Amino acid sequence: MAEGEPTEGPITAEMRAAAQALGWEEDLLDRAIDWGYSPRTVVSALGTKLAPAQAKSFLDREPLKPDLTWMDAPTEWGVRAEQADADMGLTVGDIMVGSYGEIPDLWTDRTEIARGSNPQVGQEDMGYTIFEKAVVWTDSVADLYERAIRDRWAPATDLGWRSLEALPDEVEKAICQVMTEHSERAYAEAAVLGRWLPEISYGFVEMKLFMSSVIYDLARHAEAFRKRALSNGGGLGLQAPTDLIRGATEARTYPELMAYLFVQDSAFLTFFRHAGDLAQNQLERDLYALVASDRERLMEYQVERFEAFLLAMPDRREEQQRYLAKAEVRLAREWNDPAVREPLILLLGGSRENVAAGEAALTALRRRQVEEYLGHLDQAGFIRSRLHSGLAVYLEEPETAPA
Amino acid sequence: MSAEPTTPELDLSWLDLYDDPTSAEPTKKGLTLDAIDIGDYASQEDLPRDMTPRLRGASARENAHRQGLTYQTKHDVWADQCRSLYEEAVQRQWSSARDIPWDTLKELPDEKERAICQVATMLAEVEFIAGDVPGQWLPHISGDEFEVGLFLMSQIMDEARHTDVFRKRALANGGGLLQQGAGLGLRNLIEAQDFTEMSVLMHVQAEGFVQSMFRMGELIGPTQADKRIFRMAAQDESRHLAFGVMHLKHVLAETPERREEIHHYLDKAEDRSAGGGSGDVTFPPVFESLCILLGGGKDRFDEGVAKFLLLRRRQVKEYLHRLDVAGLGDRRERLGSALAQYAN
Ligand SMILES: [Fe+2]
Ligand SMILES: [Fe+2]
Chain A
1 MAEGEPTEGP ITAEMRAAAQ ALGWEEDLLD RAIDWGYSPR TVVSALGTKL APAQAKSFLD
61 REPLKPDLTW MDAPTEWGVR AEQADADMGL TVGDIMVGSY GEIPDLWTDR TEIARGSNPQ
121 VGQEDMGYTI FEKAVVWTDS VADLYERAIR DRWAPATDLG WRSLEALPDE VEKAICQVMT
181 EHSERAYAEA AVLGRWLPEI SYGFVEMKLF MSSVIYDLAR HAEAFRKRAL SNGGGLGLQA
241 PTDLIRGATE ARTYPELMAY LFVQDSAFLT FFRHAGDLAQ NQLERDLYAL VASDRERLME
301 YQVERFEAFL LAMPDRREEQ QRYLAKAEVR LAREWNDPAV REPLILLLGG SRENVAAGEA
361 ALTALRRRQV EEYLGHLDQA GFIRSRLHSG LAVYLEEPET APA
Chain B
1 MSAEPTTPEL DLSWLDLYDD PTSAEPTKKG LTLDAIDIGD YASQEDLPRD MTPRLRGASA
61 RENAHRQGLT YQTKHDVWAD QCRSLYEEAV QRQWSSARDI PWDTLKELPD EKERAICQVA
121 TMLAEVEFIA GDVPGQWLPH ISGDEFEVGL FLMSQIMDEA RHTDVFRKRA LANGGGLLQQ
181 GAGLGLRNLI EAQDFTEMSV LMHVQAEGFV QSMFRMGELI GPTQADKRIF RMAAQDESRH
241 LAFGVMHLKH VLAETPERRE EIHHYLDKAE DRSAGGGSGD VTFPPVFESL CILLGGGKDR
301 FDEGVAKFLL LRRRQVKEYL HRLDVAGLGD RRERLGSALA QYAN
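Here the protein sequences line up with chains A and B, keeping their order. First residue of the first sequence: 1, per this note's numbering; consecutive thereafter. First residue of the second sequence: 1, per this note's numbering; consecutive thereafter.
Derived from the structure by calculation, the hints contain no laboratory data. Predicted model, so just to flag it, every value in this text is computed and none were measured. A portion of the hints provided could be inaccurate.
Heads up, simulated SDA-like pairs for lysine to any residue below, C-alpha to C-alpha not over 25 Å straight-line [as the list claims (entries may be wrong)]:
#1 B/Lys227 with A/Gly47
#2 A/Lys49 with B/Asp299
#3 A/Lys326 with A/Met313
#4 B/Lys298 with A/Pro39
#5 B/Lys317 with B/Asp299
Could you put the whole structure together from the sequences, leaning on the hints where they help?
As structure tokens, then:
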């Protein structure tokens with residue numbers, strides 16, 4: 001048939017030509033129409049360039065009738081989440097409505113089911129180990145997650161890298177040592193937290209979203225500290241001491257991990273909040289402030305989770321003393337490590353000639369860290385039975401504080 | 001205690017660790033990971049890899065603890081461009097709360113709202129594991145390849161956003177979540193016992209299939225908001241895929257003896273599910289909801305089926321293309337039967 005010549009019925013010459021080019025059976029198109037397929041469907045099938053056998057198995061049979069029973073899945077229907085705050089947009093908190101906002105104390109589904117959807121029987125166990133709400137949850141997770149996204153920043157472009165000016169050699173190296181240490185600490189904490197993600201079941205999805213944002217925050221901290229070390233005539237110094245992070249790796253359960261990390265999360269937050277005193281330039285002031293504001297969210301989670309956990313599982317209260325003690329002992333030891341302590345003394349004192357002033361300032365900073373740590377425990381409703389002596393010593397009168 | 005001021009001795013040995021003063025220069029894209037990959041701090045081939053938490057280039061402490069087993073060669077985990085993929089991830093983060101035009105959602109015919117909610121339910125499930133899997137592998141990456149770790153950490157953030165945006169979609173327009181997906185193929189991602197196995201199955205295969213679907217989002221999404229969700233998610237997935245393709249390419253180039261082993265992972269995965277770790281799109285609730293969306297309604301289901309076949313063809317064609325780019329072009333000859341029918 002010549003091109004463009006009108007044909008009988010719904011099948012055009014172009015359609016026949018296309019079918020022929022694809023090697024489809026000669027009268028497949030006619031049979032498809034007889035079966036009840038619409039010409040549009042036949043055109044779509046031609047556009048898909050189905051192989052002859054495939055085209056036949058699709059078009060040379062009674063059209064598939066969808067079953068559609070999934071449309072009547074017995075889930076809550078008719079949900080129209082409203083934005084509580086237009087500036088924040090449609091938040092995870094906004095969609096925690098009706099049954100979709102109910103977080104059971106014990107989540108029992110071992111599959112990867114999205115909480116609130118209708119279970120499909122016969123699914124595999126995904127191997128999650130965390131099913132108790134009190135272990136991971138606090139109500140602010142949804143909000144913390146959205147705040148993390150709203151307040152995101154980019155080390156490559158949000159810091160004034162071109163503003164850096166040369167510093168005295170020892171000062172630069174002291175900064176580089178601090179950066180080396182904290183780059184490693186941030187990265188290692190993110191890696192430990194990442195390893196726990198597969199343990200947490202879908203019942204607590206909002207908490208996992210937040211934890212994902214924490215991991216990403218810590219990644220950027222590791223990145224930013226490294227960049228600062230390599231951008232102003234210095235380099236990387238000595239790796240961080242490994243005892244403190246090692247304890248996090250050793251944690252056997254998520255509550256242990258969190259109690260253990262509580263100590264460093266609190267100490268690092270206070271450190272970065274006050275690290276403006278170490279900063280030699282605007283870039284460092286900005287960097288420390290951004291890191292501190294990210295770490296505020298993590299600490300908010302830590303305090304609230306701990307409080308909720310202790311309320312729900314009062315019999316596990318005493319056990320927590322152990323994890324805190326283990327972390328405190330290691331933190332105190334690392335504070336005395338020369339590569340941790342001395343750069344701070346130099347930076348706080350201003351130079352090697354001002355060691356005594358630097359030491360006094362560092363002692364004051366350590367004292368603040370210990371005080372705020374106890375304050376964080378207090379907020380969580382936890383009384384530390386016996387603060388480790390290596391930290392307690394900073395709470396003594398300044399005259400008798402450690403040298 | 002004496003009031004006399006003391007001048008304590010400092011050790012200061014940490015001051016003597018610097019050979020070459022390093023001053024990385026910011027680029028047009030700011031101070032990037034590529035910009036600081038210089039001198040002694042650049043990625044190295046030397047063995048062995050550090051098993052302590054030390055990140056590449058820092059001086060080692062003699063008493064540092066090992067932190068568990070990590071891969072011992074760069075090839076086991078590396079992907080060229082992982083640095084720039086990470087930087088792109090940081091620059092292109094978006095917010096499911098504020099960057100989706102939720103106000104363009106409009107009341108849809110019940111069948112369409114149900115169909116998009118069913119697709120969103122499946123994706124809210126599938127995206128969840130895509131964060132767990134990279135998390136599982138972080139401790140096994142040596143600090144010598146910390147950029148790979150950073151990239152995976154950015155992926156964890158991306159996948160959280162994907163999990164949340166599909167959940168938001170299901171609950172934003174008068175609908176809800178519907179039927180749980182088939183689950184087939186998801187577990188093989190978390191079952192992987194090797195980084196390359198994981199990356200090929202997740203980054204290349206599963207995320208590739210998902211990506212081909214997202215790229216048809218203009219046809220699937222019934223509203224502007226839906227289309228935008230698919231576009232934004234696709235932008236993220238292209239990084240995850242790129243990582244996987246570049247990793248596979250690196251592995252095949254540096255350790256060609258692993259070729260059959262990698263085929264073997266794919267043999268198993270392709271046998272196991274038509275969705276290959278992307279959630280099974282042939283599972284009736286997913287298949288039917290996609291056909292309703294693609295066809296434009298229940299009464300045009302057949303047309304939807306035709307377009308669904310197009311989706312399948314694209315998934316397989318793009319999958320083979322990506323493997324070809326990575327150097328595994330011979331996959332075409334041994335493709336599993338569920339996929340081979342679409343490979344012509
Ligand atoms: Fe994703
Ligand atoms: Fe992805």
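Do the hints match the structure? See the list:
1. Restraint check: the Cα-Cα separation between B/Lys227 and A/Gly47 comes to about 22 Å, which is no more than 25 Å; the hinted pair holds.
2. The suggested pairing of A/Lys49 with B/Asp299 holds, with an alpha-carbon distance near 23 Å, which does not exceed 25 Å.
3. Using a Cα cut-off of 25 Å, the hinted pair A/Lys326 and A/Met313 holds, with the two alpha carbons roughly 21 Å apart.
4. In summary, the hint linking B/Lys298 to A/Pro39 is supported, as the alpha carbons are separated by about 16 Å, within the 25 Å threshold.
5. Simply put, B/Lys317 and B/Asp299 have alpha-carbon atoms about 29 Å apart, too far for the 25 Å limit, and the pair is violated.
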